[in-house]
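Residue numbers (the numbering used here), protein chains in the order written: chain C, 1 to 482; chain D, 1 to 160.
Take these hints with a grain of salt, some might be off.
[Said to hold, decoys possible] Only pairs whose alpha carbons sit at most 30 Å apart, straight line, appear in this in silico DSS-like list of lysine-lysine: (1) Lys424(C) / Lys153(D); (2) Lys406(C) / Lys94(D); (3) Lys94(D) / Lys115(D); (4) Lys440(C) / Lys153(D); (5) Lys324(C) / Lys256(C); (6) Lys424(C) / Lys7(D); (7) Lys406(C) / Lys153(D); (8) Lys94(D) / Lys440(C); (9) Lys441(C) / Lys7(D); (10) Lys406(C) / Lys424(C); (11) Lys94(D) / Lys441(C); (12) Lys94(D) / Lys352(C).
[What the hints assert, rightly or not] To spell it out: a stretch of chain C is covered by chain D in this simulated footprint if at least three of its residues, at any positions, have a beta carbon under 8 Å from a beta carbon of chain D; those stretches are: (13) 430-441; (14) 452-458.
Treat the hints as calculated values from the structure; they're not laboratory data.
As the structure is a prediction and not an experimental result, all values here were calculated from the model.
Note that the Cβ used here is the ideal one computed from N, Cα and C, for glycine as well.
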Amino acid sequence: MTRKAKRRLHPIAIMAGVGKELKNMIAPLLVIVAAGSRHGFSWNDILVPLAALIYTLVMGVLSWVRFTYEWDDSCLVVEEGVFVRKKRSIPLERIHGISITEGIWQRIAGVVQVHVETPGNVPGEAEVILRAIARKEARALQQCVERAKNRNGHVNEPEAAAHRSLSPLFTLTMKEIWIASLTSGGALGVVAALCAFLSQFSDFIPYEALVRDIQSTWNGHGRRYIALLILSILLAAYGVAIVQNMIRYASFVVRKQEDTIVIARGWLERKAVSVPVDRVQGVVIHESWLRRFFGYASVSIIHAGGALDGGPSGEVVLCPLVKKHRIVPIVQACLPEYRLDVPFCPLPQRAKSRYMLRPLYWLTIPVGVAAYMERPWGAALLLVLPLAAWIGARRYRAAGWALSSKQLSLRSGWFRRTTAHLFKRHVQSLEIETTWWQRKKQLATISASVMPVGTYSRVVDVDERDADLIYRWLQGERSNET
Amino acid sequence: MLANSGKPISEKAITVWRWTGALWALVSGAVIVGMAWVLARFHAPKWCLGMLACIWLIEVVLWVGWVPVLRQRRWRYAIREEEIDIQRGVWSTKRTLIPMTRVQYVDVRQGPLLKRYGLASIAVFTAAAAHEIPALPADEAEQLCRLIAEWAKVADDNDA
Chain C
1 MTRKAKRRLH PIAIMAGVGK ELKNMIAPLL VIVAAGSRHG FSWNDILVPL
51 AALIYTLVMG VLSWVRFTYE WDDSCLVVEE GVFVRKKRSI PLERIHGISI
101 TEGIWQRIAG VVQVHVETPG NVPGEAEVIL RAIARKEARA LQQCVERAKN
151 RNGHVNEPEA AAHRSLSPLF TLTMKEIWIA SLTSGGALGV VAALCAFLSQ
201 FSDFIPYEAL VRDIQSTWNG HGRRYIALLI LSILLAAYGV AIVQNMIRYA
251 SFVVRKQEDT IVIARGWLER KAVSVPVDRV QGVVIHESWL RRFFGYASVS
301 IIHAGGALDG GPSGEVVLCP LVKKHRIVPI VQACLPEYRL DVPFCPLPQR
351 AKSRYMLRPL YWLTIPVGVA AYMERPWGAA LLLVLPLAAW IGARRYRAAG
401 WALSSKQLSL RSGWFRRTTA HLFKRHVQSL EIETTWWQRK KQLATISASV
451 MPVGTYSRVV DVDERDADLI YRWLQGERSN ET
Chain D
1 MLANSGKPIS EKAITVWRWT GALWALVSGA VIVGMAWVLA RFHAPKWCLG
51 MLACIWLIEV VLWVGWVPVL RQRRWRYAIR EEEIDIQRGV WSTKRTLIPM
101 TRVQYVDVRQ GPLLKRYGLA SIAVFTAAAA HEIPALPADE AEQLCRLIAE
151 WAKVADDNDA
């Protein structure tokens with residue numbers, strides 16, 4: 001492909017950009033207006049928001065005018081900046097991943113938003129967003145990137161292209177979307193967002209008076225009402241989270257195109273994330289307590305780029321919800337190198353008491369104090385302690401590790417059991433930690449970190465000899481001989 | 001248990017850590033005096049102030065007297081052609097293995113205190129984290145840095 005002329009985005013990008021800016025501005029602006037108009041309305045109060053609005057609009061148009069992009073066989077060149085011009089050229093084979101989103105604005109104009117993940121250490125710097133380009137162009141860019149990667153001697157088997165499967169490897173049924181939304185713990189996130197939103201208004205909502213009111217109601221006979229209020233807020237947040245997740249997971253499809261895994265999802269906002277297989281750093285299986293009860297789990301892949309999925313950096317959800325027995329074939333089809341059905345080694349028996357005692361270290365004093373303060377009935381709180389010990393025992397049962405010549409698998413947790421499968425060539429460093437107590441029992445904590453900064457998995461209280469074994473496994477051949 | 005291999009870091013590290021410990025003791029001393037002042041204003045009982053003073057004394061003894069020595073004694077590092085092996089920790093012993101192929105780049109760092117004693121630290125960066133070997137003699141640090149860079153390159157070539 002020859003170098004195209006410098007091109008601009010579709011004009012709908014202005015609306016999409018301005019809309020996003022406005023969404024961020026709306027809460028502070030509301031505060032300003034509301035705070036100003038506390039003592040009667042005057043036109044001066046509107047001035048600041050109006051100025052902000054006009055500024056955003058003008059900047060939106062200007063930055064659209066100044067934003068150009070082009071690409072050829074080797075490079076993607078993006079120029080941007082209203083006052084300070086910034087020109088960035090990105091070698092195509094360096095691009096970590098591309099995700100394609102269709103927001104509401106983009107859908108109106110029939111275009112897509114392309115999110116290009118590039119190498120870089122600073123979050124936010126390491127990405128280029130082409131806010132509105134034609135779908136055909138987006139596909140062409142994707143193909144160019146793939147071609148550039150293949151040319152540079154990356155994994156490329158001709159057969160793979162021959163029998164490439166475009167049929168979906170994994171989809172979610174309506175029922176599964178429903179279950180996934182019900183069981184994913186998004187409610188806390190909604191409550192946090194609500195709190196963050198309310199804290200913007202602390203200037204003119206008399207929180208202190210409110211707290212005083214609540215206290216007096218609490219001390220009176222209003223406990224029931226407050227409990228009801230809190231319960232209903234939580235339920236509402238839960239409902240919002242369910243709806244959010246349903247929109248998020250609607251029409252979820254995983255496909256494999258040659259050496260790229262393409263994950264498409266979303267209802268109001270279609271999103272397609274493509275992850276090259278050779279950028280995958282590991283496979284993580286999360287089984288929350290609730291989902292395990294129904295025989296379900298969720299599968300994510302650790303990805304070297306940033307947060308393509310909008311979730312935590314480095315993890316892309318491959319299957320939000322899947323029956324356990326389907327995991328192995330699906331992952332096998334996506335990432336044939338990984339072996340998930342490895343036999344896990346349990347932890348030694350002497351670790352059990354440590355697992356059971358550990359939650360008690362920090363629970364005993366607060367629970368004891370609370371039980372003492374609310375004396376007659378608070379004593380029931382003491383039941384928390386055996387429960388914590390029991391959970392500790394479950395955690396002990398859940399933890400384990402497995403090792404093959406190429407792959408290390410670590411498993412831990414009970415509420416949310418996490419199994420990580422990591423390839424030897426992706427393990428960036430391995431750490432064995434022994435505290436004084438552990439040394440007495442000949443136990444050790446192992447943790448292995450993989451590529452995106454801060455991604456690691458660990459298992460506490462592995463037998464010391466097993467830890468040594470894993471340590472030697474990562475050592476080079478030469479040091480094994482000595 | 002893995003064999004306790006590797007070289008110790010410079011003994012001058014103890015002095016450097018004693019100085020940093022002393023500086024921190026000054027800072028926390030100021031905080032504790034502030035707390036004592038506030039407590040005194042609210043007519044706190046005498047034993048509260050005594051306890052604060054005790055905490056501060058224990059901290060000074062630990063961070064100036066005891067911990068630096070132990071820390072220097074526990075520190076071991078081994079840089080081999082295929083990996084970097086780091087061992088450290090007072091309360092919990094940590095042992096870290098970094099395959100040479102994963103090393104992205106190496107820094108030599110030297111703060112004012114380290115410089116005063118002719119020392120320098122090495123920081124090894126992988127794509128996942130940074131690992132530091134503190135308080136080596138400056139010229140040795142320089143050498144090691146170059147050596148790691150060299151080996152990391154060789155290892156990378158073999159890997160490709």
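- Message: Check the structure against each numbered hint from earlier and tell me which ones fail, lowest number first.
- Response: Going through the list in order, the structure violates hint 4 alone and respects the others.
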